[in-house]
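2 protein chains.
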Amino acid sequence: MSENTSKSLKKWGNFSEWFDDMLLEAQIADDRYPVKGFSVYRGWGYSIVKRIYQMLEEKLEDEGHQPMQFPVVIPEDAFQVEEDHIKGFSAEVFWITHAGENELDRRLLLRPTSETAIYPMFRIWIRSHADLPLRMHQTCNVYRYETKATRPLFRGREFLWNEAHTAHADYEEAERQVKTGVEIYRHVYDALGLSYILLKRPDFDKFPGAVYSLAFDTWNPDGKVNQIGTVHELGENFAKVFQLTYEDEEGTQKLAHTTCYGMGMGRTLAATIAHHGDDNGLVLPPVVAPKQVVIVPIPFKGKEKEVVSYAREIESKLKTAGIRVVMDDDDRLRPGEKYYKWEMFGVPVRVEVGPREADARSVTLVRRDTKEKTVARFEDLVGAIRGLFGDIYENLRTRSWERLDNELVEADTLDELKSKMNDRRIVRVSWCGDPHCAFEIKDQVAGEVRGTLWKKEEKPIGPCVVCGDTASEVAYVSRTY
Amino acid sequence: MSENTSKSLKKWGNFSEWFDDMLLEAQIADDRYPVKGFSVYRGWGYSIVKRIYQMLEEKLEDEGHQPMQFPVVIPEDAFQVEEDHIKGFSAEVFWITHAGENELDRRLLLRPTSETAIYPMFRIWIRSHADLPLRMHQTCNVYRYETKATRPLFRGREFLWNEAHTAHADYEEAERQVKTGVEIYRHVYDALGLSYILLKRPDFDKFPGAVYSLAFDTWNPDGKVNQIGTVHELGENFAKVFQLTYEDEEGTQKLAHTTCYGMGMGRTLAATIAHHGDDNGLVLPPVVAPKQVVIVPIPFKGKEKEVVSYAREIESKLKTAGIRVVMDDDDRLRPGEKYYKWEMFGVPVRVEVGPREADARSVTLVRRDTKEKTVARFEDLVGAIRGLFGDIYENLRTRSWERLDNELVEADTLDELKSKMNDRRIVRVSWCGDPHCAFEIKDQVAGEVRGTLWKKEEKPIGPCVVCGDTASEVAYVSRTY
Chain A
0 MSENTSKSLK KWGNFSEWFD DMLLEAQIAD DRYPVKGFSV YRGWGYSIVK RIYQMLEEKL
60 EDEGHQPMQF PVVIPEDAFQ VEEDHIKGFS AEVFWITHAG ENELDRRLLL RPTSETAIYP
120 MFRIWIRSHA DLPLRMHQTC NVYRYETKAT RPLFRGREFL WNEAHTAHAD YEEAERQVKT
180 GVEIYRHVYD ALGLSYILLK RPDFDKFPGA VYSLAFDTWN PDGKVNQIGT VHELGENFAK
240 VFQLTYEDEE GTQKLAHTTC YGMGMGRTLA ATIAHHGDDN GLVLPPVVAP KQVVIVPIPF
300 KGKEKEVVSY AREIESKLKT AGIRVVMDDD DRLRPGEKYY KWEMFGVPVR VEVGPREADA
360 RSVTLVRRDT KEKTVARFED LVGAIRGLFG DIYENLRTRS WERLDNELVE ADTLDELKSK
420 MNDRRIVRVS WCGDPHCAFE IKDQVAGEVR GTLWKKEEKP IGPCVVCGDT ASEVAYVSRT
480 Y
Chain B
0 MSENTSKSLK KWGNFSEWFD DMLLEAQIAD DRYPVKGFSV YRGWGYSIVK RIYQMLEEKL
60 EDEGHQPMQF PVVIPEDAFQ VEEDHIKGFS AEVFWITHAG ENELDRRLLL RPTSETAIYP
120 MFRIWIRSHA DLPLRMHQTC NVYRYETKAT RPLFRGREFL WNEAHTAHAD YEEAERQVKT
180 GVEIYRHVYD ALGLSYILLK RPDFDKFPGA VYSLAFDTWN PDGKVNQIGT VHELGENFAK
240 VFQLTYEDEE GTQKLAHTTC YGMGMGRTLA ATIAHHGDDN GLVLPPVVAP KQVVIVPIPF
300 KGKEKEVVSY AREIESKLKT AGIRVVMDDD DRLRPGEKYY KWEMFGVPVR VEVGPREADA
360 RSVTLVRRDT KEKTVARFED LVGAIRGLFG DIYENLRTRS WERLDNELVE ADTLDELKSK
420 MNDRRIVRVS WCGDPHCAFE IKDQVAGEVR GTLWKKEEKP IGPCVVCGDT ASEVAYVSRT
480 Y
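Taken in order, these protein sequences are the chains called A and B. Position 116 of the first sequence, counting from 1, maps to 115 under numbering that gives the first Met the number 0, and the rest follow consecutively. Position 18 of the second sequence, counting from 1, maps to 17 under numbering that gives the first Met the number 0, and the rest follow consecutively.
This is chain A alone, in the form it adopts within the complex:
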């Protein structure tokens, strides 16, 4: 906390400054690394990331995905196999051209995503229907030379993610896998208490090479939406160009069908910070908090020994119960300074232990989210804290979904849309489906058509908000990261 300075942290008034303060003061990430667009994940931040990864990986593996690790480098020729894919990514790849003193015979690029690394191997591994479905995932970093302004967690040139790739015998099986991918991601976002909209992206905005793309968009206090995960149906597109064929039960060679999905860890962490945090700092869902409970002993003169010994008893009890606990017995700070510090780090529950508590063998528990205080007896401590964890999670989740509800509004005209964009809302409009009308929206109101709800048909309430023709869908428009 040596960089700690007095600031007025205002999440709603000045999100940008608030977020930067969070990253620095809660030791989440540091963008003073001497290469633009590359940040360092610090101890507290990366501890949260590790727990999100763990939840995601466990779920992926329960659903039959094998963990793998592919090289970070892709040879230029493999990268250039799929035409849309090249167009989509070639402007933003990093090129390795030399090693030691030598110029390489063949340039290598850092993966911007791994399809072109993975498919040549899938082609070797998949021979017959018995090899399908093939499902793998990898936790890794990807590299994109972003030309837009970079921002730690939201948009960097190196970003942390997990990507899954699957191959199937037919389109129906691939379609079921898309649903499974969506369910896996829901599981993680739900556990983090994050609200989201699941949209089918317009064709002009789908993943390069995909049949269609789904995306989880979530709100941000500054009114821009944050894309935290995507799921893509690739059909036979990649299988064709990478010659991904298998022999079916009748001995016929057939093309496989593939899918892929990726969850950005930086953006998922950013959403967790942005949704739940407040003007005193982070508010972490207990499931990912590196420390779930902080014990602050409040020693009175002459009673130091009793208080500290009782605090140790509490610590030991919580550790035994598997709760991640930290005892803050740093002599250099006063209790109030410790409250301030651990509130900044977002530790879900604070246990205050003074002479009164030591005498009565009770504890004072303070929730980070509501600041509410309760008293529990030593015997009931573990149950009381687990109960608070549940309450905190429910409260965070409810608040996040209520906020999303609140962000979502409707507009019938371009003027109305413009005004609501300026209010930084996510706006539902009737749309004819023509990309030109979407581009017109972008030009006129600086908002993007993010897509239409997936698997939930919505009836347009009027004609297309741009051209006035019959509307076929309800589009979601917003500013974006």
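No wet-lab data here; the hints were simulated from the structure. Treat the hints with care, since some could be wrong.
Repeated chains share a single entry, so a pair holds when one copy, or any two copies, can fit it.
Distance condition first, Cα-Cα at most 30 Å in a straight line; then the derived DSS-like pairs of lysine-lysine [stated by the list, open to error]:
| # | residue 1 | residue 2 |
| --- | --- | --- |
| 1 | K337 | K9 |
| 2 | K300 | K417 |
| 3 | K178 | K318 |
| 4 | K178 | K49 |
| 5 | K10 | K372 |
| 6 | K458 | K147 |
| 7 | K10 | K337 |
| 8 | K239 | K35 |
| 9 | K290 | K318 |
| 10 | K178 | K455 |
| 11 | K58 | K318 |
| 12 | K239 | K454 |
| 13 | K340 | K290 |
| 14 | K253 | K337 |
| 15 | K417 | K318 |
| 16 | K253 | K318 |
| 17 | K318 | K49 |
| 18 | K337 | K372 |
| 19 | K340 | K253 |
| 20 | K253 | K300 |
What you are looking at is a predicted structure, and each value in this text was computed from that prediction instead of being measured.
Let chain A serve as the given structure and place chain B on it in line with the hints.
Okay, now just chain B, sitting in the frame of chain A:
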């Protein structure tokens, strides 16, 4: 197992072929990736790696190391700060020179190790004695353009590792940290049942920029030693050039002292495979086996239902107990084929369930390491299996240390050393400590002086095996990877 072919697997007779077969057939790694020196870690192999990482990370974090994640790219100017370090690594770094269509203003290199990425940030974070000690670790991949022959797991151009970096107020504290680093690594190797020698490397072979380097060397069936981890005392060397200073309690600016240590995951996995495996495949220590138990139902005609239902009962009981279990009820394979398959994958315990077992509510348990069969009652199943896990671990560990004992021999003359090198042993010789004598050994017997035991003084038995002068130490000589 579609690549399964009939082979005569001979670990001791032909290690190289045996090892390649293991990688392919047990789905550990695949070096058919289209860039030389870059391999893919497949599902079974990477599942083992994940468990090793998890043990290591937990221990590092228990010992006060914060998990972090630094960028993979290092700017050329930061890399060139420490002179020995440049000399040591510059011939083998990969250079990024372009992004998209642009040539970069400043070349970036892929980290071959992370000191030069980490110290500029340590410099920002460390202000006063209160910021020390600072301990971090990161799990990441590093990149070295190896010009020697590459070999999956042993020597690649991308390798998986974990590296820890620490900064301290003085040399004594850094020295204590070196010991802690050694203990952390011991903890992991011990849990894997691996034997090793802990050597202080000769000065000419230390980490570029270090005061001294320690290394864990282990035996390999082909007689080459395999370096699985290193611990380095960096003194003030890096602190000086990166201006890593702090204000002590009296307000004086002082240089920090630093250490670092790295564990190679590929090589640690290679050792685990090479030490414990046999001519039927992998033999995995239960702690890292992705599946610890395989259940093979042996249905007899008319009894299929009872057998399968009993097998499911067993599966459920083991799962509840937290044992990683797989039920192999694949109709396409006969029981014998299943035994063969799961022996190849090294699953520690096989549970055979036939009509007799179903009737008697017993199980037949087969240990992977000794093939020994025992029978247990259903009620005692979990305890019996846990007991076997303990026995298997003890057996693997004992065998590995016995083998190391067996590998270690002595030589009094260069001729004797040469002959024992040809027998592919690790040879102890008296050495005067002069690098020229070490180089002479390399020239004459194709063996390398790996160093001297750390913290265990050994008395030389005679004069230096090369020059005949008084010997000051006992050097360990071997062929290497």
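Results for each hint:
For the identical chains of this complex, K337 and K9 are intra-copy neighbours only, at 21 Å inside a copy versus 62 Å across copies, given an alpha-carbon limit of 30 Å. When the C-alpha separation of K300 and K417 is checked against a cutoff of 30 Å, the pair qualifies neither within a copy, at 63 Å, nor between copies, at 74 Å. In the homo-oligomer, the alpha carbons of K178 and K318 lie at most 30 Å apart only across protomers (27 Å), although the nearest pairing inside one protomer, at 39 Å, exceeds that limit. When the C-alpha separation of K178 and K49 is checked against a cutoff of 30 Å, the pair qualifies both within a copy, at 25 Å, and between copies, at 27 Å.
Proximity of K10 to K372 under the C-alpha cut-off of 30 Å is restricted to the intra-copy arrangement: shortest distance 24 Å within a copy versus 65 Å between copies. For the homomeric pair K458 and K147, neither the shortest alpha-carbon distance inside one copy (35 Å) nor that between copies (65 Å) is at most 30 Å. Taking the closest pair of Cα atoms, K10 and K337 come within 30 Å of each other only inside a single copy of the chain (22 Å); across copies the shortest separation is 59 Å, beyond that limit. For a Cα distance limit of 30 Å, the shortest separation of K239 from K35 across copies, 26 Å, qualifies, whereas the shortest one inside one copy, 38 Å, does not.
In this homomeric assembly, K290 and K318 come within 30 Å of each other (Cα to Cα) both inside a single copy, at 11 Å, and across copies, at 29 Å. In this homomeric assembly, K178 and K455 come within 30 Å of each other (Cα to Cα) only inside a single copy, at 14 Å, whereas the closest approach across copies is 60 Å. With identical chains, the CA atoms of K58 and K318 are at most 30 Å apart both within one copy (26 Å) and between copies (16 Å). Only within a single protomer do K239 and K454 lie at most 30 Å apart by alpha-carbon distance; the minimum there is 28 Å, versus 61 Å between protomers.
Taking CA atoms no more than 30 Å apart as the test, K340 paired with K290 passes inside one copy only; the shortest distance there is 13 Å, against 43 Å between copies. In this assembly of identical chains, K253 and K337 lie within 30 Å of each other by CA distance solely across copies; the values are 29 Å between and 64 Å within a copy. When the C-alpha separation of K417 and K318 is checked against a cutoff of 30 Å, the pair qualifies neither within a copy, at 54 Å, nor between copies, at 57 Å. Proximity of K253 to K318 under the C-alpha cut-off of 30 Å is found in neither arrangement, the shortest distances being 55 Å within a copy and 38 Å between copies.
For the identical chains of this complex, K318 and K49 are neighbours both inside a copy (20 Å) and across copies (25 Å), given an alpha-carbon limit of 30 Å. For the homomeric pair K337 and K372, the shortest alpha-carbon distance inside one copy (17 Å) is at most 30 Å, but the shortest distance between copies (59 Å) is not. Taking CA atoms no more than 30 Å apart as the test, K340 paired with K253 passes between copies only; the shortest distance there is 28 Å, against 60 Å inside one copy. In the homo-oligomer, the alpha carbons of K253 and K300 never lie at most 30 Å apart, since the shortest distance is 80 Å inside one protomer and 37 Å across protomers.
Consistency note: the structure conflicts with the earlier hints numbered 2, 6, 15, 16 and 20.
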